[in-house]
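Modelling step: build the complete structure from the supplied sequences, incorporating the hints.
Residue-level listing of the chains:
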Amino acid sequence: MELTHKSGRQETAAHDLPPAIELRGISKAFGPVQANKDINFSVAKGTIHGIIGENGAGKSTLMSILYGFYKADAGEVLINGQTTLIPDSQAAISAGIGMVFQHFKLVENFTVLENVILGAEDGAMLRPSLAKARKELTRLAKEYELNVNPDTLVEELSVGHKQRVEILKALYRHADILILDEPTGVLTPAEADHLFRIFDGLKKQGKTIILITHKLREIMDITDTVSVMRRGEMTATVKTSETSPEHLAELMVGRKVLLEVSKTPARPGASVLEVENLRVVDEDKVERLKGVSLQLRAGEILGIAGVAGNGQSELLEVLAGMQTATGSVRLNGQELDLTGAKSDARTRRKKGIAHVPEDRHDEGLILEFSAWENIAFGYEDDPAYNKGMLMDNAALRAETHAKMERFDVRPPHPRLEAKNFSGGNQQKIVLAREIERNPDLLLIGQPTRGVDIGAIEFIHQRIVELRDQGKAILLVSVELDEIMSLSDRIAVMFDGQIMGERRPEETDEKELGLLMAGINRKAN
Amino acid sequence: MQKMPKWADVALIPLINILIAFTLSGLIIWAIGGDPFRALKTMVTGSFGSTNGWGYTLYYTTNFIFTGLAVATAYQARLFNIGGEGQAMLGGLGVALVALSIDWPHWAIALPAAAIGGAAFGAFWAVIPAYLQAKRGSHIVITTIMFNFIASALVGYLLLNFLKVPGNMSTESAGFPAGTNLPTFSDMLAPFGITFAKNAPANISFLVALACAFGYWLLIWHTKLGYQIRAFGQSETGAIYAGINPVRIVVITMVISGALAGMMALNNVMGEAERLIDNAVEGAGFIGIAVALMGRNHPVGIVLAALLFGFLFQGGSELSLWEGIPRELVVVIQGLVILLTGALDNMVRGPVERLFLMLHKGEA
Amino acid sequence: MTMMRKILGATAALAISATAVLAEPAIIFDLGGKFDKSFNEAAFSGAERWAEETGGSYKDVELQSDAQREAALRGFADRGYNPIVMAGFSFATALNTVAADYPDTKFVLIDMVVDQPNVKSVVFAEHEGSYLVGVLAAMASKSGTVSFIGGMDIPLISKFACGYAQGVKDTKGDATVIVNMTGTTPSAWNDPVKGGELTRAQMSQGSDVVFAAAGGTGLGVLQTAADQGILSIGVDSNQNYLQPGSVLTSMVKRVDNAVYEAFSAGENVMPGFSAMGLDNDGVGYTVDEFNKSLITDEMMAAVEDAKAKIISGEIMVHDYMSDESCPSF
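Chains as they are written, first to last, in the working numbering: chain Y, 329 to 852; chain C, 193 to 556; chain W, 97 to 425.
Note that these hints are calculated values from the structure, not bench results. Built from N, CA and C at the ideal position, the CB exists for glycine as well. Any given hint could turn out to be false.
Here are the simulated DSS-like cross-link-like pairs (lysine-lysine), alpha carbons at most 30 Å apart as the crow flies [to be verified]:
no., chain 1, residue 1, chain 2, residue 2
1, Y, Lys747, C, Lys416
2, Y, Lys543, Y, Lys399
3, Y, Lys678, C, Lys416
4, C, Lys198, Y, Lys365
5, Y, Lys670, C, Lys416
6, Y, Lys399, Y, Lys373
7, Y, Lys747, Y, Lys543
8, Y, Lys613, Y, Lys490
9, Y, Lys543, Y, Lys490
10, C, Lys327, Y, Lys670
11, Y, Lys543, Y, Lys365
12, C, Lys198, Y, Lys399
13, Y, Lys567, Y, Lys543
14, Y, Lys613, C, Lys198
15, Y, Lys463, Y, Lys433
16, C, Lys327, Y, Lys618
17, Y, Lys678, C, Lys198
18, Y, Lys532, Y, Lys433
19, Y, Lys433, Y, Lys365
20, C, Lys327, Y, Lys679
21, W, Lys388, W, Lys133
22, Y, Lys747, C, Lys198
23, C, Lys416, Y, Lys679
24, Y, Lys532, Y, Lys463
25, Y, Lys399, Y, Lys365
26, Y, Lys470, Y, Lys433
27, Y, Lys490, Y, Lys460
28, Y, Lys591, Y, Lys543
29, Y, Lys470, Y, Lys373
30, Y, Lys463, Y, Lys531
31, Y, Lys543, Y, Lys838
32, C, Lys198, C, Lys416
33, Y, Lys433, Y, Lys613
34, Y, Lys399, Y, Lys613
35, C, Lys416, Y, Lys715
36, W, Lys238, W, Lys403
37, Y, Lys531, Y, Lys433
For the chain Y half of the interface with chain C, some residues (derived, Cβ under 10 Å), not all of them [unchecked claim]:
no., residue
38, Tyr395
39, Glu602
40, Glu604
Below, the structure written as structure tokens:
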């Protein structure tokens with residue numbers, strides 16, 4: 329009812345349309361932390377509006393307020409010019425707002441169709457809802473290039489397709505305003521392009537899209553307007569055509585940032601890591617690594633590029649001791665146990681392998697633990713942290729404080745729980761723990777995923793510094809820019825194999841992109 | 193992210209919960225024609241009004257501290273040990289075997305030996321479900337529950353066929369030798385010139401329970417092992433990342449948990465009955481779940497929650513003994529407290545949090 | 097006068113902290129509770145009968161836990177109740193320590209012996225009563241196989257089973273007696289479903305008369321026996337009415353009489369040992385309108401003859417608890 333009323337009004341007031349969303353004086357504090365401060369912001373109907381900002385700048389909080397997850401302390405929200413109360417997500421949905429989260433909220437063992445109608449069923453019986461949804465899905469798929477087989481189980485879908493299901497879910501609920509949080513973080517370049525085409529189609533149909541991202545290039549490519557957030561405040565809203573990436577970056581961090589990593593050519597030393605014919609078969613009997621061989625020397629960074637899910641994670645896990653495998657791995661000439669009692673992560677650490685995992689929420693950190701407890705994570709048996717039978721918590725806290733200062737973790741409070749730090753600061757805690765162990769080999773996965781630009785620069789510098797100290801670094805990242813600018817050598821993985829190796833100065837994104845898609849134009 | 197001060201979380205909310213439970217109970221007593229205020233007075237004087245009352249209250253409290261700690265230890269690794277009941281039964285068997293094995297010269301020697309016996313048997317009973325969980329994936333909730341039944345049948349069988357004194361009607365073991373009789377509060381306090389009810393069952397194992405609570409605190413928050421248990425409990429993948437062996441942690445945690453439950457037998461078997469009675473645990477293993485829940489898995493909270501349940505048990509027994517309130521109703525009252533402090537915790541938490549947010553905003 | 101006593105009694109009950117002026121009797125029920133349809137309930141009905149007939153009042157309590165035994169005993173003694181009756185053998189240990197502290201209070205313990213100067217111990221000759229129903233079972237059986245279902249596996253129940261088996265064998269030498277216990281935990285007293293299963297299992301082995309000495313579990317036995325068209329034998333109270341025409345008889349154990357007598361004697365209860373057997377109607381079998389069609393004159397004559405011979409000592413029924421063995425099994 330409300331929806332038809334709205335669309336009716338939209339047609340009559342074709343010329344001077346009220347903004348799709350307008351926020352007036354929104355403020356939100358979590359205890360002493362002011363996450364949003366007096367935000368005023370409006371998004372014109374039928375446009376793509378980008379929001380960029382460092383992690384912890386308050387973007388997610390703002391969107392959570394808009395979607396009814398948090399209640400603002402002050403201010404009001406206007407949808408299509410009308411003051412609207414959004415106490416919960418149900419209210420947001422009926423106001424025509426759809427949200428696609430960074431971490432998808434899909435039921436893995438339901439089909440696409442079942443996921444789409446979940447929570448939007450009409451009545452107690454499923455059959456009529458399913459039939460209706462099937463028709464609607466076919467229509468949406470045609471209209472917006474959102475092709476997904478409605479009867480596939482979600483767990484069988486690729487990440488890109490899962491994202492389409494999320495978008496379909498929102499559209500099925502008649503969303504006029506779509507909010508997407510870091511939508512391309514998990515996509516291949518081709519999938520990202522496809523997504524942008526979908527955006528174009530949605531825009532043509534008069535939908536409004538709000539895109540939250542770190543990636544300046546995306547902002548430049550597809551948005552009409554861009555707003556910049558910094559430390560809880562909206563610092564600027566500009567037309568995309570009237571700005572430049574450098575300008576935006578400056579607005580975000582309040583200073584000039586070097587997007588290029590400055591580094592000297594590598595001076596590789598002795599061989600540190602030799603991997604031969606590594607194979608991993610997972611629980612479902614699927615071969616995840618199909619005979620990977622590589623070599624890594626002291627003082628160099630080997631970047632592993634590839635679309636997520638092509639075996640990079642398994643490679644890291646095997647080397648870090650989280651996964652058993654067959655084949656051979658030698659560290660400093662010494663054969664490592666890949667299946668037995670000594671194939672665990674602790675043994676690897678003692679042998680000089682440090683590991684910054686891809687997933688810092690589930691692996692790298694215990695979110696419920698305080699910062700100082702996380703600094704001991706994996707190293708809690710270090711004699712320096714123990715006094716007799718007991719752990720020396722005071723010493724550990726002191727050391728954590730020192731590390732936090734050195735790595736510019738904000739706020740530098742060892743007793744604060746990890747979950748209360750922003751993404752970039754969480755990553756710095758993990759880095760502080762792993763890098764300062766002086767490892768021979770650093771395994772580092774997605775070092776800047778969900779990390780703000782200021783922290784990216786800091787993290788990249790640390791990685792290069794470590795290389796210059798003569799350490800071997802294996803970098804896995806789905807960010808091609810990051811691989812290109814950090815690596816001394818690049819290996820591209822596809823379907824559990826290394827498709828080819830390139831030097832960054834001798835290749836370009838196009839060639840790497842083809843390799844990532846499994847096409848090798850140049851024989852090795 | 194702090195929604196309300198910590199004191200409100202640990203003290204105010206449980207207090208409100210108890211208050212609601214008591215109000216409801218009062219209404220029920222009033223509805224069946226009793227006088228709720230007199231009932232409350234009977235409960236309070238019966239449990240705290242005399243050294244005899246204290247002696248019973250602390251006796252029950254001791255049981256609940258042990259089982260509460262057992263549940264809490266397992267919970268730190270996110271293992272739900274519902275088998276405290278069976279582990280305490282087996283602990284009783286261990287204590288009885290130790291106590292009956294030789295003619296102990298003095299309780300001070302018998303106590304540590306019995307503690308080891310009870311702990312070992314309790315741990316043994318917990319380690320089988322732990323192993324099945326860690327290696328075979330059998331859910332520990334299911335296996336520990338089943339092990340309660342097996343324990344009950346096993347102890348019953350052994351009592352009947354091996355431990356029972358021939359000619360004795362009750363399924364109970366022979367009385368323990370005098371050298372194993374633990375000093376009661378009356379014995380312990382007499383040297384200080386304090387007279388305590390001579391026949392109250394509270395005994396030195398209360399101090400053992402307090403020592404265990406302190407040990408639990410040290411273990412969980414001040415040792416590597418405790419650190420690893422907590423890390424495993426928060427994230428199993430995280431534990432693998434850190435090189436913490438999940439099988440080892442599950443097994444060790446359950447060993448400690450079962451040992452704590454088993455040591456409860458020091459109190460009820462060795463301290464009170466001075467012989468092994470069939471079904472001697474009487475539900476204390478299950479009360480431990482409520483105690484751990486209410487005590488927020490913190491030793492101080494557990495001791496206080498155990499005291500509350502000790503009061504409920506002793507006060508409740510006074511109610512049924514002298515107020516003519518049926519014992520079923522006493523169980524209802526105890527159930528209400530468990531329901532409100534455990535299952536319905538969020539019912540109170542939500543409004544209190546909102547209240548604090550409002551107050552906070554008022555200040556700002 | 098009666099009115100006066102009631103008012104006084106009520107006042108005494110109200111002023112619980114004050115010592116009771118009148119020496120009222122008190123009874124403590126065991127963990128099963130006073131409405132267990134069996135032992136405790138029999139004790140309760142005895143107390144009620146006394147209250148009804150004399151107009152007196154008494155205090156009763158149901159235990160929740162073992163630790164309460166001593167507390168309840170001391171509590172009653174401190175408050176001046178006299179005598180204090182305990183229903184159940186589990187009180188023996190607690191009573192042994194408490195009795196000496198209250199020499200002026202009389203205690204009556206049912207089903208167990210405690211040797212103290214102020215304790216009266218009442219035990220029943222369950223084996224003798226069981227012998228008699230065994231005689232009836234043997235004669236009523238057409239298949240020559242009868243059976244027994246006990247509650248929890250304790251010596252007391254074996255005492256029932258052993259007397260029953262002897263009665264059967266003495267009557268019909270080639271008869272088979274199947275004996276099953278429901279369990280080894282107290283829950284065996286209250287598992288009618290399992291009682292029914294055991295009954296069916298025994299039927300499949302040929303049994304056509306089943307004696308249930310199993311508390312609440314027995315109700316399932318009686319029900320199943322009636323459903324399947326075989327005979328059953330009740331226990332403790334007269335259970336003939338539960339399944340008319342199917343319950344052959346009931347082996348009654350007059351716990352109610354024991355309580356009634358103790359209450360009636362008041363403070364003048366005679367300490368010592370009291371055996372309730374066939375001679376003083378402490379145990380027996382029942383014949384009423386629900387089962388008289390099942391008992392022939394021949395059976396009646398045989399069972400009365402056995403009863404007389406037991407009383408006279410001509411037949412010695414073996415007491416399982418004297419040596420924990422049973423020659424008739």
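Here's how the hints hold up against the structure:
no. : hint                   : verdict
1   : Lys747/Y with Lys416/C : holds, 22 Å
2   : Lys543/Y with Lys399/Y : holds, 28 Å
3   : Lys678/Y with Lys416/C : holds, 17 Å
4   : Lys198/C with Lys365/Y : holds, 27 Å
5   : Lys670/Y with Lys416/C : holds, 20 Å
6   : Lys399/Y with Lys373/Y : holds, 24 Å
7   : Lys747/Y with Lys543/Y : holds, 24 Å
8   : Lys613/Y with Lys490/Y : holds, 23 Å
9   : Lys543/Y with Lys490/Y : holds, 21 Å
10  : Lys327/C with Lys670/Y : holds, 18 Å
11  : Lys543/Y with Lys365/Y : holds, 24 Å
12  : Lys198/C with Lys399/Y : holds, 22 Å
13  : Lys567/Y with Lys543/Y : holds, 17 Å
14  : Lys613/Y with Lys198/C : violated, 49 Å
15  : Lys463/Y with Lys433/Y : holds, 23 Å
16  : Lys327/C with Lys618/Y : holds, 28 Å
17  : Lys678/Y with Lys198/C : violated, 39 Å
18  : Lys532/Y with Lys433/Y : holds, 27 Å
19  : Lys433/Y with Lys365/Y : holds, 29 Å
20  : Lys327/C with Lys679/Y : holds, 28 Å
21  : Lys388/W with Lys133/W : holds, 23 Å
22  : Lys747/Y with Lys198/C : holds, 18 Å
23  : Lys416/C with Lys679/Y : holds, 20 Å
24  : Lys532/Y with Lys463/Y : holds, 22 Å
25  : Lys399/Y with Lys365/Y : holds, 14 Å
26  : Lys470/Y with Lys433/Y : holds, 24 Å
27  : Lys490/Y with Lys460/Y : holds, 21 Å
28  : Lys591/Y with Lys543/Y : holds, 22 Å
29  : Lys470/Y with Lys373/Y : holds, 23 Å
30  : Lys463/Y with Lys531/Y : holds, 22 Å
31  : Lys543/Y with Lys838/Y : holds, 18 Å
32  : Lys198/C with Lys416/C : holds, 26 Å
33  : Lys433/Y with Lys613/Y : holds, 27 Å
34  : Lys399/Y with Lys613/Y : violated, 47 Å
35  : Lys416/C with Lys715/Y : holds, 11 Å
36  : Lys238/W with Lys403/W : holds, 23 Å
37  : Lys531/Y with Lys433/Y : holds, 24 Å
38  : Tyr395                 : violated, 18 Å
39  : Glu602                 : violated, 23 Å
40  : Glu604                 : violated, 24 Å
Figure legend: structure checked against the earlier numbered hints; hints not met, in rising order: 14, 17, 34, 38, 39 and 40.
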